[in-house]
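There are 2 protein chains.
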Amino acid sequence: MEIHNPQATGTPLINGPRLSDRHREMARIGGTANGGVNRQALTPEDTQGRHRLLEWATARGYTAGIDPIGNLFIRRAGTRADLSPVMTGSHLDSQPTGGKYDGVYGVLAGLEVLETLDDHNVVTERPIELVVWMNEEGSRFGPVTMGSAVAAGAVPLERALAANDAKGVSVSEALARQIAELPPMERRPLGATGHAYIEAHIEQGPVLEQEARGIGVVSAIQGLHLYQVEVRGFEAHAGTTPSRHRKDALVAANALIAKLRAEVADPADVLRFTVGRFEVSPGSPHIVPGKVTFSIDLRHPDPEHLLCTGDRILELCSGEIEHCMVSANVVLRSTPVQFDARLVTAVRHAAEHRGLRYMSMVSGATHDAKYMADRTPSAMIFVPSEKGISHNELEHTDDEDLIAGAQILCDALLAAATMEL
Amino acid sequence: MEIHNPQATGTPLINGPRLSDRHREMARIGGTANGGVNRQALTPEDTQGRHRLLEWATARGYTAGIDPIGNLFIRRAGTRADLSPVMTGSHLDSQPTGGKYDGVYGVLAGLEVLETLDDHNVVTERPIELVVWMNEEGSRFGPVTMGSAVAAGAVPLERALAANDAKGVSVSEALARQIAELPPMERRPLGATGHAYIEAHIEQGPVLEQEARGIGVVSAIQGLHLYQVEVRGFEAHAGTTPSRHRKDALVAANALIAKLRAEVADPADVLRFTVGRFEVSPGSPHIVPGKVTFSIDLRHPDPEHLLCTGDRILELCSGEIEHCMVSANVVLRSTPVQFDARLVTAVRHAAEHRGLRYMSMVSGATHDAKYMADRTPSAMIFVPSEKGISHNELEHTDDEDLIAGAQILCDALLAAATMEL
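Line order of the protein sequences matches chains A and B.
Residues in the first sequence are numbered from 2 upward in steps of one, following the working numbering.
Residues in the second sequence are numbered from 2 upward in steps of one, following the working numbering.
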């Protein structure tokens, strides 16, 4: 993908090879034998990653700060300290068998923007600030997007600090240890906000690749409902029990799922309906299943549509089906987040001006931007994920796509810096 | 259920209260808090049960013997030692949370027949022999029906003796210990055969109860095929992956099972098709399933129909379904066993003569009679299982049904004793 550089854009070209080098270097920190990364939140690897990032930042004279939940801020000063910063960022922590790009990309692309501005002697009035959110993945400590959720007040600080990993180590202890090992830096209060926030991230899905687009202009993060369904039949001997006497929970669950799928079928293919967990009891080949429990992950960008579909699912998951009793309960209802239309437009314009093939899309996964959007005008930029593979050591994005996305981030952040929001 | 006693039958009435008492006494050996029994093969409880049985037998002057795999024989002599015995029996071992009747019933009903003959001074030319098969349940040591399978040569003795329980104790060790604790008795060679073999057993299914019949005249043990099916899709993020890009192994497995069920649908409700094990990988609510494996338990009394249906299932479980790849393999193909028509008729006549409501049926479960049928003309008698519940501490059969079944066993064994077979 060739990046056009018309006079009209007025923004500098980023340094692609440097961005690629930084990815390679960061991928070695916690790098796994299978080409992935294991750099879970607040582990020595995570500390090492942040350390390296701070070295790059310090070499440029940027200032650093950290808030009580461990969100890390790197600021390139503007000419006016009284103005709120234009922000970008993502996370450095990974899944235990994670890939080289999930999260890291948004951090390194943000750093690349700051350095590009330096390289081209670009002066901004507003500060440009890079944030590294703490524990986005939630694999070592729950919940996911911990740092951004605490910053937004969605999760109380005390509860997050008290969360333990599988070995009984708390966030509080692990964070204190990390801070002690990082260079001294400013202590920031919780709740950082800015003039604008734009996060670059890999798509973690197959759409951009399939549609042959290099840039995803992300307009929203879809809402997520999670339901738990239970189907109760009656255990019976597989050899001695005729069909007419069976209350087979698996037969009923399958019929129910087929019915639900038909009910929620979406020709536009926007709604996501997934049964990912499906457990059969007692699970013996020779016993007619007495119980099945399964999960429904339901997502849609439109809050009303999502709620309406969720309610319809609850309605269908009740009463009797194939001689079995069905019940369901709500595990989670997270509403969709709409990004700032002006920033979304800025991202699209940047892609247009650079002559990149882009498409508008909704984020299927959740991101730290979800919590920033509550209090700072926000948007996101996606780059393709090969075969849509993510949360996997095989995760891959071509260098040229990473570079193109970082360029759009640079252009959009500079545009945001002078926008009235 | 009232038992008629017309002159025509010419056989004595059994002692119902004694049979009921014996059931109560045996149920205390390994009895569980929930009213069930835990008397697994070659445990101290199993030894205690056999010990009690031998006491009852010895008190009557019956002789006892044991073969190399621990099958126990109790013989009431006839007038002609040169004639092969008429045999009956079942097993005393139970599932870990088993019931009071599965197996025990056939043993105690057999003993009751022997004692009834004594009480009424009935003299037979042929010996009447009660056999207690070792380890029918297969819960402590595999495989199931171990004793009868070894006696039939279907499982090598050495392999059976070498089988270990979960704690590493072998059949060989546990059997030696049991034999040391039982009174001394004759060592019999493997491969006992007889003139005829009739086994009484609880149905372990709901049919007799639903059809309001007291006696099941069992004409066959249906065949059993076990298949393992694998459906391979591709793991994907539930939030980011549109339907059109999914290879959802659960969706494919459900479609496949629906197709298979439609294909094998049997209006006569004779064929049994059960998916009892169904495992989804990775089993996370937020990941589109990449793999499903499931079992198919398929049973039918007609060998050709079973084979034909099994082959059709293998045919349908191959190739591509809903963008996923399907494959299947045969785990087990056990052919149906047809019982001896003359003995089956003898059982039916006994039920008719006693004025009992009976029905012809095929055994859905497997039994020791399966292996006897290979080399001795055999048949079975079923009595109702309340709600079809079995392999469960709630297993129940009314005393009057147990008594009626034992009476039919007595009548049929006496008939067999004088039949040309």
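Keep in mind that the hints were calculated from the coordinates and are not lab data.
Possibly wrong hints are sitting among the right ones.
A pair counts as met if it fits within one copy or between any two copies, since identical chains are not told apart.
What the hints assert, rightly or not - Straight-line Cα separation of at most 20 Å, SDA-like style, residue types lysine to any residue; simulated pairs:
(1) K292 to L308
(2) K260 to T346
(3) K388 to H287
(4) K292 to G79
(5) K292 to S328
(6) K292 to R278
(7) K168 to E316
(8) K292 to D22
(9) K168 to H196
(10) K292 to M420
(11) K292 to A259
(12) K388 to T44
(13) K292 to S282
(14) K168 to A269
(15) K260 to I322
(16) K388 to E210
(17) K260 to E323
(18) K388 to P283
(19) K388 to H354
The hints, checked one at a time:
Taking CA atoms no more than 20 Å apart as the test, K292 paired with L308 passes in neither setting, with 28 Å inside one copy and 30 Å between copies. For a Cα distance limit of 20 Å, the shortest separation of K260 from T346 qualifies neither inside one copy, at 40 Å, nor across copies, at 49 Å. In the homo-oligomer, the alpha carbons of K388 and H287 lie at most 20 Å apart only across protomers (18 Å), although the nearest pairing inside one protomer, at 39 Å, exceeds that limit. Taking the shortest alpha-carbon separations for K292 and G79, neither the intra-copy value of 62 Å nor the inter-copy value of 53 Å comes in at or below 20 Å.
In this homomeric assembly, K292 and S328 come within 20 Å of each other (Cα to Cα) only inside a single copy, at 12 Å, whereas the closest approach across copies is 26 Å. In the homo-oligomer, the alpha carbons of K292 and R278 lie at most 20 Å apart both inside one protomer (14 Å) and across protomers (12 Å), since each shortest distance falls under that limit. In this homomeric assembly, K168 and E316 never come within 20 Å of each other (Cα to Cα): the closest approach is 41 Å inside a single copy and 49 Å across copies. Taking the shortest alpha-carbon separations for K292 and D22, neither the intra-copy value of 53 Å nor the inter-copy value of 37 Å comes in at or below 20 Å.
With identical chains, the CA atoms of K168 and H196 are never at most 20 Å apart, being 40 Å at best within one copy and 67 Å at best between copies. Taking the shortest alpha-carbon separations for K292 and M420, neither the intra-copy value of 58 Å nor the inter-copy value of 49 Å comes in at or below 20 Å. For a Cα distance limit of 20 Å, the shortest separation of K292 from A259 qualifies both inside one copy, at 18 Å, and across copies, at 18 Å. In this homomeric assembly, K388 and T44 never come within 20 Å of each other (Cα to Cα): the closest approach is 30 Å inside a single copy and 56 Å across copies.
Proximity of K292 to S282 under the C-alpha cut-off of 20 Å is found in both arrangements, the shortest distances being 5 Å within a copy and 19 Å between copies. Taking CA atoms no more than 20 Å apart as the test, K168 paired with A269 passes in neither setting, with 45 Å inside one copy and 58 Å between copies. In this homomeric assembly, K260 and I322 come within 20 Å of each other (Cα to Cα) both inside a single copy, at 10 Å, and across copies, at 19 Å. Taking the shortest alpha-carbon separations for K388 and E210, only the intra-copy value of 7 Å comes in at or below 20 Å, while the best inter-copy value is 57 Å.
When the C-alpha separation of K260 and E323 is checked against a cutoff of 20 Å, the pair qualifies both within a copy, at 12 Å, and between copies, at 17 Å. In the homo-oligomer, the alpha carbons of K388 and P283 lie at most 20 Å apart only across protomers (18 Å), although the nearest pairing inside one protomer, at 36 Å, exceeds that limit. Taking CA atoms no more than 20 Å apart as the test, K388 paired with H354 passes in neither setting, with 27 Å inside one copy and 74 Å between copies.
Hints 1, 2, 4, 7, 8, 9, 10, 12, 14 and 19 from the list above are not met by this structure, while the remaining hints are.
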